[in-house]
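Novice: So you can see what is in the structure, the chains are spelled out below.
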Amino acid sequence: MKHLVKAGIVALGLGAVAHSAWAQGDCAAGKTLTDGVLTIATGNPAYFPWVIDDAPETGKGFEAAVALEIARRMGFEGDAVKWVRTSFDEAIQPGAKNFDFNIQQYSITPERDEFIDFSAPYYTAAQSVVVRKPAVDAGATATVDSLKSLKWGAVESTTSPGLIQELISPDADMLLYNDVADSVEALKAGQVDAIMLDLPSALFTAAVLLDDGVVLGQFETGGDSPDELGLVFEEGNPLRDCANEAIAAMKADGTLKAIEAEWLQDATGVPVIK
Amino acid sequence: MGAPDRQAAPAGAGAAGREFGPSRRELRERRERRRSLLIAAVSTALTIAAIVILVPMTPGWERVQKAFFNEGVFLKTFPKLLDAFWLDVAMFLWCAPLIALWGLVLALMRDARSPALYPLKLFAILYSDLFRGVPVILVIYLIGFGIPGLGLPRPWNSPYIWGTVALVLSYSAYVAEVYRAGIESIHESQRAAAVSLGLSHGDVMRFVVLPQAIRRVIPAAMNNLISLQKDVALVSFIGPVEIFRQAGVYKSLYANFTPYVGAALIFLVVTVPATRAVDRMIARQQRRQS
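Protein chains in written order, with the numbering used here: chain D, 122 to 395; chain R, 53 to 342.
Extracted from the complex, chain D is given alone in its bound form (with noise of 0.2 Å):
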């Protein structure tokens, strides 16, 4: 019995390892780290909303449906998925990467492009702005001159301290964290008025982070600010072009659309910042 268990276990293996390969569409075949396996990295932890309960191999979460979507489409499924988790330095320092592609809201840059790269985008962010309700009593309203007295902070890895400069130009200087936890708390002890954060990550933070969050309004997106979320691939690595017709073909067929709608609240009631 036990015999036929093992049997049955390792013709099983055998059938996957052979369905994944079959599967694998051209493109993808042996450019990956593992052959017949992809390797995902994302954040540790990886946040709310873009992966849910920090477990990505679920699927559940923007990030992660987009994720696990780009690579059914490259002919990676179940087992053939692998998730790593990498800080922001890692996907960017020089030398073999232990992943194929790195997903955690990285922001596309030209300057960034230069030693990375990066796939077509899978989300435009907007840019938005956290307050607590304190700082609305005292005038705080979603315009930029009202914004530029504000005590701002932001998370240092993040294209936001450089668009704060642009777009605010606050007066006082701008306090930076490591992470959008250390900022949140920053903001709960009262060191900051207002932090910046992509728009889905500012409507978890308001809403379950702070007991008196308040999203006070967001930037027009398109324009100069860098606000595309791109996947991350070491510098030439061939994979990329994969990718891109994988996200190519899910906007055309509103797959994207469609996982968006699932993980991403509607924010059609922000402000526009003016």
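Since the hints were made in silico from the structure, they are not lab data.
One or more of the hints may lead you astray.
[Stated by the list, open to error] Computed cross-link-like contacts, SDA-like style, restricted to lysine to any residue with a CA-CA straight-line distance of at most 25 Å:
id, chain 1, residue 1, chain 2, residue 2
1, D, Lys-272, R, Pro-205
2, D, Lys-272, R, Leu-305
3, R, Lys-132, D, Phe-236
4, R, Lys-118, D, Glu-232
5, D, Lys-254, R, Trp-208
6, R, Lys-118, D, Pro-231
7, D, Lys-309, R, Gly-198
8, R, Lys-118, D, Pro-215
9, R, Lys-128, D, Phe-236
10, R, Lys-282, D, Ser-208
11, D, Lys-378, D, Gly-357
12, D, Lys-395, D, Asp-266
13, D, Lys-269, R, Phe-289
14, D, Lys-254, R, Pro-325
15, D, Lys-254, R, Leu-204
16, D, Lys-272, R, Gly-198
17, R, Lys-128, D, Thr-230
18, R, Lys-132, D, Asp-294
19, D, Lys-272, R, Pro-207
20, D, Lys-272, R, Leu-194
21, D, Lys-309, R, Ile-266
22, R, Lys-128, D, Leu-288
23, R, Lys-282, R, Asp-255
Let chain D serve as the given structure and place chain R on it in line with the hints.
Specialist: Same frame as chain D, but now just chain R:
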């Protein structure tokens, strides 16, 4: 050193040797010194050559060079890094005297000898266990976010204040131990002698023990200051944009690590002379004591 040499140049023969020119032993020592200088020069040159030639031959060198030693990024970011460094300097200048003072107070508490003052002694012992046992960065996080979280109004909740308070609390625990070593190195007989002359316990400490103790531990305390120079960068974790954080911003902006190399250079320019100064101070003190 073979035994025959020792016989050829017995102790006390120096004065006589000078009249007859260099002794055999002196000649041999000269030869040996020349030889070791030559060996040192050749081996240093070989090592440097190996690094300069071999490292660029590694397969990843080009990528490392692009990511860590990028001239364009360096030139673009260096001036702003230098600006940000002034915040580190300011925090250092603000912390150092407070650490020296609070560390001394802790050391005196620890040295309390009257039974009635035992609570102070206990406090000093627990304090030093606590703050030497917890990483500085954790103290900064807990104090920097925790205390302002109690609801202090601005500007009293500033991360500049609580970040430096955290540094002072941590570092004074180390500095107190340094002071204590100095205080305990002054022999009991000196205290006894001073008391017998009619000095009070406070005066014994003030006029007899501390002047000697502090002079003895200055080099060791300076070593703490040198590491403080670097650790002020940790305050960036709770918000202030000093040089380490500014370098991090550029790192994310350019997806390139060169700004960190620039920041490291700026630190070196300050810490290397400081380290050398302390080395000299220690050497001078050892000469005086021996």
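Novice: What hints, given by number in increasing order, does this structure fail?
Specialist: 11, 14, 21, 23
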